[in-house]
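> Residue numbers for the first sequence, in my numbering: 13 to 231.
Please note that a few of the clues may not be correct.
[Stated by the list, open to error] Think about it this way: if two alpha-carbon atoms lie no more than 25 Å apart in a straight line, the pair counts; the simulated DSS-like pairs of lysine-lysine are: (1) 125 <-> 111; (2) 98 <-> 118; (3) 98 <-> 213; (4) 78 <-> 118; (5) 138 <-> 19; (6) 118 <-> 138; (7) 114 <-> 125; (8) 101 <-> 68.
[To be verified] Here are the computed distance ranges between Cβ atoms for each label pair: (9) 216 <-> 104: 50 to 58 Å; (10) 177 <-> 219: 13 to 21 Å; (11) 154 <-> 43: 16 to 24 Å; (12) 124 <-> 38: 15 to 23 Å; (13) 89 <-> 219: 44 to 52 Å; (14) 218 <-> 80: 42 to 50 Å; (15) 25 <-> 111: 39 to 47 Å; (16) 219 <-> 45: 37 to 45 Å.
To be clear, the hints were calculated from the coordinates, so they are not data collected in a lab. Every residue gets a Cβ at the ideal spot worked out from N, C-alpha and C, and that includes glycine.
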Amino acid sequence: MRSSRDKLLHIFKSLLESYGEQGWWPVDWRYHQEQGTDPREEIVIGAVLTQNTSWKNVERALENLKVARCLSFEAVLGLEEEELQKLIKPSGYYRQKAKRLKEVAKHLNPVEKVRTIEREELLRIKGIGRETADAILLYAGDRAFFVIDAYTKRIVERVFGFSGDYESLRRWFEENLPRDLWVYKEFHALLDEHAKRFCRKRPLCEGCPINQVCTQPLR
DNA sequence: CCCCAGGCCGCGC
DNA sequence: GCGCGGCATGGG
13 MRSSRDKLLH
23 IFKSLLESYG
33 EQGWWPVDWR
43 YHQEQGTDPR
53 EEIVIGAVLT
63 QNTSWKNVER
73 ALENLKVARC
83 LSFEAVLGLE
93 EEELQKLIKP
103 SGYYRQKAKR
113 LKEVAKHLNP
123 VEKVRTIERE
133 ELLRIKGIGR
143 ETADAILLYA
153 GDRAFFVIDA
163 YTKRIVERVF
173 GFSGDYESLR
183 RWFEENLPRD
193 LWVYKEFHAL
203 LDEHAKRFCR
213 KRPLCEGCPI
223 NQVCTQPLR
């Protein structure tokens, strides 16, 4: 393990080996095929709904939107804000998120814009911060931005022993990984999975697939 | 009862 | 620029 680059790639391989391919972003392809809607719009909507919220609660909100045939930008834009609030209620912060969904749907409509929109422009949309922007760009736009979240920060702090702000961490991943969309998508998903299984706030180091390369003492 | 979950904004400093 | 409170539901 000569360099942090080697170590990073080693961790990616270990997590992939342990947990398997994650296939992120999770999307209901059948729904969109039947409705003739674009699955990328579900990714954008999900990215907003999952802000500081468990995915289980987001799934409930997405299900409500599906039943109402409202899992698309056009439908979101056509709904009364109060109606939208009702549908997404289980995901929490539903008043804020209803506004954010309308904002992002307006700015990214048609959804093909995720292929070309500047990151800076995305960040100017109310309710879209760095993580949400990068998740949208990577998973909906197939663009090489590495997504940093609270889990990623925690794992880097423990395994590598350093911390940094969002942008420096993002650059660090992007500089030390092959510029490959599949790697970016899978790695972020695997880090999430790893944080849930072992690298919790109170870590479970016994049985952790990467405890041999971690700077933390075993707990 | 507590804490947490795939953040972000607006404010005061 | 940084730290903090508010936003809200559902689960452990």
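> Work down the list of hints and note, for each, if the structure agrees.
Status of each hint after checking the structure:
1. Straight-line distance between C-alpha atoms of residue 125 and residue 111 comes to about 20 Å, which keeps the hinted pair within the 25 Å bound.
2. Of the pairs offered as hints, the one joining residue 98 and residue 118 holds, with about 20 Å between alpha carbons and a cut-off of 25 Å not exceeded.
3. Pair hint residue 98 plus residue 213 does not hold up; C-alpha atoms about 32 Å apart against a cutoff of 25 Å.
4. A hinted pair counts as satisfied when its Cα atoms are at most 25 Å apart, and residue 78 with residue 118 qualifies at roughly 19 Å.
5. Restraint check for residue 138 and residue 19: not satisfied, since their Cα atoms lie roughly 37 Å apart, outside the 25 Å limit.
6. Of the pairs offered as hints, the one joining residue 118 and residue 138 holds, with about 12 Å between alpha carbons and a cut-off of 25 Å not exceeded.
7. A distance of roughly 16 Å separates the Cα atoms of residue 114 and residue 125; the hinted pair therefore holds under the 25 Å criterion.
8. The straight-line distance between the Cα atoms of residue 101 and residue 68 is roughly 13 Å, inside the 25 Å bound, and the hint therefore holds.
9. Separation of residue 216 from residue 104 is about 27 Å and departs from the stated range, judged on CB atoms against 50 to 58 Å.
10. Residue 177 and residue 219 have their C-beta atoms about 32 Å apart, which leaves the hinted 13 to 21 Å range violated.
11. A hinted range of 16 to 24 Å for the beta carbons of residue 154 and residue 43 is consistent with their spacing of about 21 Å.
12. At roughly 22 Å, the beta-carbon separation of residue 124 and residue 38 lies within the given 15 to 23 Å, and the hint holds.
13. Between residue 89 and residue 219, the C-beta spacing of about 48 Å keeps the proposed range 44 to 52 Å intact.
14. The given range of 42 to 50 Å is respected by residue 218 and residue 80, whose C-beta atoms sit roughly 46 Å from each other.
15. Distance hint check for residue 25 and residue 111: the Cβ-Cβ separation is about 42 Å, which falls inside the suggested range of 39 to 47 Å.
16. As the Cβ distance of residue 219 to residue 45 is approximately 40 Å, the hint placing it in 37 to 45 Å holds.
In summary, the numbered hints that this structure violates are 3, 5, 9 and 10.
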